[in-house]
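Undergrad: Residue numbers (my numbering), protein chains in the order written: chain A, 1 to 542; chain B, 1 to 307.
Wrong hints could be hidden among the right ones.
[Said to hold, decoys possible] Straight-line distance between alpha carbons at most 27 Å, and here's what the computed BS3-like set of lysine-lysine pairs gives: (1) A/Lys476 x A/Lys312; (2) B/Lys52 x A/Lys115; (3) B/Lys52 x A/Lys278; (4) A/Lys468 x B/Lys52; (5) A/Lys150 x A/Lys434; (6) A/Lys128 x A/Lys220; (7) A/Lys76 x A/Lys333; (8) B/Lys85 x A/Lys434; (9) A/Lys99 x A/Lys307; (10) B/Lys125 x A/Lys220; (11) B/Lys85 x A/Lys206; (12) A/Lys162 x A/Lys172; (13) B/Lys125 x B/Lys162; (14) A/Lys223 x A/Lys99; (15) A/Lys162 x A/Lys76; (16) A/Lys369 x A/Lys307; (17) A/Lys220 x B/Lys212; (18) B/Lys162 x A/Lys150; (19) B/Lys59 x A/Lys275; (20) A/Lys223 x B/Lys162; (21) A/Lys194 x B/Lys85.
Everything labelled a hint here was simulated from the structure, so no lab data went into it.
The chain contents come next:
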Amino acid sequence: MRGATHAKWAAGAVAVALAATACGGGSSGGGGDGSGIVGSSWGDPQNPLEPANTNEVQGGKVLDMVFRGLKRYDPKTGEAKDMIAESIESKDSQNFTVKLKDGWKFSNGEAVTAKSFVDAWNYGAHLKNNQKNAYFFGYIEGYDKVHPEKGNATAETLSGLKVVDSKTFTVKLTQKFSTWPETLGYPSFAPLPKAFFDNHEAWLSKPVGNGPYTIKSYQKGSKMELRKWDDYKGDDKAQNGGVDLKVYTDNNTAYTDLMAGNLDLVDDVPASQLKNVKSDLGDRYINTPAGIIQTLAFPFYDEKWDKAGAEKVRQGLSRAINRDQITDTIFQKTRTPAKDWTSPVLGEDGGYSDSVCGDLCKYDAAEAKKLVEEGGGIPGGTLKISYNADTGSHKEWVDAVCNSINRALGNDKACVGNPIGTFADFRSQASQQKLDGAWRAGWQMDYPLIQNFLEPNYFTDASSNDGKYSNKDFDKLINEANGETDAAKAVSKFQDAEKILAKDMPAIPLWYQNGSAGYSDKVSDVALNQFSVPVYEEIKVN
Amino acid sequence: MGRYVIRRLLQMIPVFFGATLLIFLMVNVMGDPIAGLCGDRKCDPATAAQLKKEFGLDKPVWQQYATYMGNVFTGDFGTAFNGQKVTELMSSAFPVTLRLTLVAVVFEIVIGISLGVLTGLRRGKPVDTVVLLLTLVVISIPTFVTGLLLQLLLGVEWGVIKPSVSTEATVDELIVPGLVLASVSLAYVTRLTRTSIAENRRADYVRTAVAKGLPRRRVITRHLLRNSLIPVVTFIGTDVGALMGGAIVTERIFNIHGVGFQLYQGILRQSTQTVVGFVTVLVLVFLLANLIVDLLYAVLDPRIRYA
Chain A
1 MRGATHAKWA
11 AGAVAVALAA
21 TACGGGSSGG
31 GGDGSGIVGS
41 SWGDPQNPLE
51 PANTNEVQGG
61 KVLDMVFRGL
71 KRYDPKTGEA
81 KDMIAESIES
91 KDSQNFTVKL
101 KDGWKFSNGE
111 AVTAKSFVDA
121 WNYGAHLKNN
131 QKNAYFFGYI
141 EGYDKVHPEK
151 GNATAETLSG
161 LKVVDSKTFT
171 VKLTQKFSTW
181 PETLGYPSFA
191 PLPKAFFDNH
201 EAWLSKPVGN
211 GPYTIKSYQK
221 GSKMELRKWD
231 DYKGDDKAQN
241 GGVDLKVYTD
251 NNTAYTDLMA
261 GNLDLVDDVP
271 ASQLKNVKSD
281 LGDRYINTPA
291 GIIQTLAFPF
301 YDEKWDKAGA
311 EKVRQGLSRA
321 INRDQITDTI
331 FQKTRTPAKD
341 WTSPVLGEDG
351 GYSDSVCGDL
361 CKYDAAEAKK
371 LVEEGGGIPG
381 GTLKISYNAD
391 TGSHKEWVDA
401 VCNSINRALG
411 NDKACVGNPI
421 GTFADFRSQA
431 SQQKLDGAWR
441 AGWQMDYPLI
451 QNFLEPNYFT
461 DASSNDGKYS
471 NKDFDKLINE
481 ANGETDAAKA
491 VSKFQDAEKI
501 LAKDMPAIPL
511 WYQNGSAGYS
521 DKVSDVALNQ
531 FSVPVYEEIK
541 VN
Chain B
1 MGRYVIRRLL
11 QMIPVFFGAT
21 LLIFLMVNVM
31 GDPIAGLCGD
41 RKCDPATAAQ
51 LKKEFGLDKP
61 VWQQYATYMG
71 NVFTGDFGTA
81 FNGQKVTELM
91 SSAFPVTLRL
101 TLVAVVFEIV
111 IGISLGVLTG
121 LRRGKPVDTV
131 VLLLTLVVIS
141 IPTFVTGLLL
151 QLLLGVEWGV
161 IKPSVSTEAT
171 VDELIVPGLV
181 LASVSLAYVT
191 RLTRTSIAEN
201 RRADYVRTAV
211 AKGLPRRRVI
221 TRHLLRNSLI
231 PVVTFIGTDV
241 GALMGGAIVT
251 ERIFNIHGVG
261 FQLYQGILRQ
271 STQTVVGFVT
281 VLVLVFLLAN
291 LIVDLLYAVL
301 DPRIRYA
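Just chain A, with the same shape it has in the complex (with noise of 0.2 Å):
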């Protein structure tokens, strides 16, 4: 009986292979469905889940709900109000004293001191720790020793901190910035539990915040139940009994089941679905403005980029694209063409200004193609666009932006897009001064200043300066900004600066990018903020 004993043989190899597969699939069975609680899509944040360490837009979402800050940005407005903080006051805008407010505790229990602050930014700025967003901390004294560029940090914690009482602390920055204070909204600045020191991996498994919600469970990557915390402090309590936020593949997906009446909302609306959302959704459709700005940026660290005359090159392409047109038939407008280097959603107030591109953002192909001339040609005679294949629509709007510019200067070979397979490996490319021609770049704000919008990206050597655009007047505008006490004076220094941009054109811009949301008819109050998320706390369940 010889086949009996293979199959001995193979029904053994099959049995361990279905034993491998039954072990593992248990099921928690299926979350708690009651009313009131939201059903969102999410994605799978990039990092783990702390405050200093979430730099993308899923994660920060999380923070968003567990946690509260000093400051918390207005969701309508963007104005920087008062949240855990008393008051924070300078008398010359270098040396700052945080009262915290009474009463503020964290949802384990804990209190929420002045300690809670201080040891949450040593730990965020400690190049130990690996804290992605830990040059938030760089104003503060004593950061070039816990986070020096090369080398070990050679002190455990910042000088400029110091804990009064446990109400009370101080702040000692390196130079004068007037604006300070209204950067403490960013989740990176959020109090900590000392659970977090004490069993970091547990916290890690399981955050614990101060905010209106607390986390009921968390499968990474899969799903997180929050829940309202009744004993939470602030006014800005939660509507509804809970979020769910559940991580989907594809937003694709993520429609389908809003359309399926399976989920609540989707705070992405993919661009294929663009077309119907408005048939499909009606009011409950929402597309307004965010903090972010796209434009093209130049490489300066290229002689050809850099010398003179290059500056009319730049005006000339940026003349020859038809925003107008791409931002309908591309994004169905779900981009603003822009007329700055900020975004409108500073207000006036805040330095957002229609002006300052002026002429040289609108579209006019006799224009351009003088202006291109007249700067001696585009250096190689053709304009490369790098951009990452991998995610977004980047080929469709780049692809037309060439279309645009080769048209407006009568010339097939004047611009070509330049696909690049990932987003690390185009971003690598980017910082490593390694693309030339142009490069698709994107800026997202961290809070609602135009220092924000200006500095990191323009300033001589700043951390987001790919290009290295450098300009001397340029530098020393944002310097006297950040030094003035007076905050409309400030905002005004800032323009001057911005009208430097428009002369020199480091960056072409293109337009502002809208966050757009869809919701169900279960809900209601739906609204996204200046960083398009949506306010989660306002959200009533009909």
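For chain A, the structure is supplied; the task is to place chain B on it using the hints.
TA: Quick look at chain B alone, frame taken from chain A:
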């Protein structure tokens, strides 16, 4: 027999090393993964250097590979960029994908072989023509079209199923995705079985069995089908590996958090640890599935022997 299995298992070792090395090199060629971690801004140099050190990316590739392999043998597949252990990702993703694959394979076996037998026995009859045409249609339509269409019709229009699979991914939720995943292979299984049955129908042993006066049912199941299944089993066996790796499209459409989803994210984020880890396991699955197929030959046809 035992010796044969051992020899086959030993052969897997070089294949395993070769495959993982290739994957390792491929992911490495894609460039610096740390650059993508900080979004549209540059990571500050000190943090980037620190992260590189932590993930071992500051060392030469061969050394990275050696360390990685050393760790794999102790069961440590490294850490993905979001701080999760790769083994943790695997333990959540593989069961889901295996369940999906099993559903698909069951469809292939049950529907594919039944249709194949039916058409093989009635070659040239209307039934045969209809099924042949149908399989042609299925083969020529890409999976994402069938997937999206079924999702729209069953999920949104008629509300029979939920368009997306929940985190738990229970078997009943996986029926439609499984059918979509199986569809193309199912058509091939039907065609393979049909040809094989049609060929063997005229074989001597079938004639003998009929001449002995055995009931038709017994002739078909014990004599005809058993021999005809050898190519089909080969196909299904290799298909298990292909289905698991190729589930990316189906998993994306139906929001299944399985191997495809993790691999896709791993590639997008250039997480060497995730991609190499998952592909390593997939290679093992593929190799084991092939071994099982070879062993099954002997069960189906006792004339095949292993020494």
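Undergrad: Against this structure, judge whether each hint is valid.
TA: Hints and how they fare:
1. This hinted pair checks out: lysine 476 of chain A and lysine 312 of chain A have alpha carbons roughly 24 Å apart, not beyond 27 Å.
2. With a CA separation close to 31 Å, the supplied pair lysine 52 of chain B and lysine 115 of chain A exceeds the 27 Å bound.
3. Distance restraint check for lysine 52 of chain B and lysine 278 of chain A: the Cα-Cα separation of roughly 46 Å exceeds the 27 Å cut-off, and the hinted pair is therefore not satisfied.
4. Distance check on the hinted pair: lysine 468 of chain A and lysine 52 of chain B sit about 24 Å apart at the alpha-carbon level, within 27 Å; holds.
5. At most 27 Å may separate the alpha-carbon atoms for a hinted pair to count; lysine 150 of chain A and lysine 434 of chain A meet this at roughly 22 Å.
6. As the CA atoms of lysine 128 of chain A and lysine 220 of chain A are separated by approximately 24 Å, the hinted pair is consistent with the 27 Å bound.
7. For a cut-off of 27 Å, the pair hint linking lysine 76 of chain A to lysine 333 of chain A stands: about 21 Å separates their Cα positions.
8. Simply put, lysine 85 of chain B and lysine 434 of chain A have alpha-carbon atoms about 33 Å apart, too far for the 27 Å limit, and the pair is violated.
9. For the proposed pair lysine 99 of chain A and lysine 307 of chain A, the alpha carbon gap of about 51 Å is over 27 Å, so the pair is violated.
10. For the suggested pair lysine 125 of chain B and lysine 220 of chain A, the alpha carbons sit about 54 Å apart, so the restraint of at most 27 Å is broken.
11. Using a Cα cut-off of 27 Å, the hinted pair lysine 85 of chain B and lysine 206 of chain A holds, with the two alpha carbons roughly 16 Å apart.
12. Of the supplied pair hints, the one linking lysine 162 of chain A and lysine 172 of chain A holds, its CA atoms being roughly 9 Å apart against a limit of 27 Å.
13. Our distance criterion of 27 Å between C-alpha atoms is broken by lysine 125 of chain B and lysine 162 of chain B, whose separation comes to about 39 Å.
14. The hinted pair formed by lysine 223 of chain A and lysine 99 of chain A fails the criterion: a straight-line CA distance of about 37 Å is larger than 27 Å.
15. Between the alpha carbons of lysine 162 of chain A and lysine 76 of chain A the distance comes to roughly 34 Å, so the proposed pair goes past 27 Å and is violated.
16. The hinted pair formed by lysine 369 of chain A and lysine 307 of chain A meets the criterion: a straight-line CA distance of about 19 Å does not exceed 27 Å.
17. Taking the CA atoms of lysine 220 of chain A and lysine 212 of chain B, the gap is near 63 Å; set against the 27 Å cutoff, the hint is violated.
18. The suggested pairing of lysine 162 of chain B with lysine 150 of chain A is violated, with an alpha-carbon distance near 53 Å, which exceeds 27 Å.
19. Between lysine 59 of chain B and lysine 275 of chain A the CA atoms are separated by roughly 49 Å; this puts the pair beyond 27 Å, and the hint is violated.
20. Between lysine 223 of chain A and lysine 162 of chain B, the direct Cα distance comes to roughly 17 Å. Compliance with the 27 Å bound is thereby established for this hinted pair.
21. Restraint check: the Cα-Cα separation between lysine 194 of chain A and lysine 85 of chain B comes to about 25 Å, which is no more than 27 Å; the hinted pair holds.
The earlier numbered hints that this structure contradicts are 2, 3, 8, 9, 10, 13, 14, 15, 17, 18, 19.
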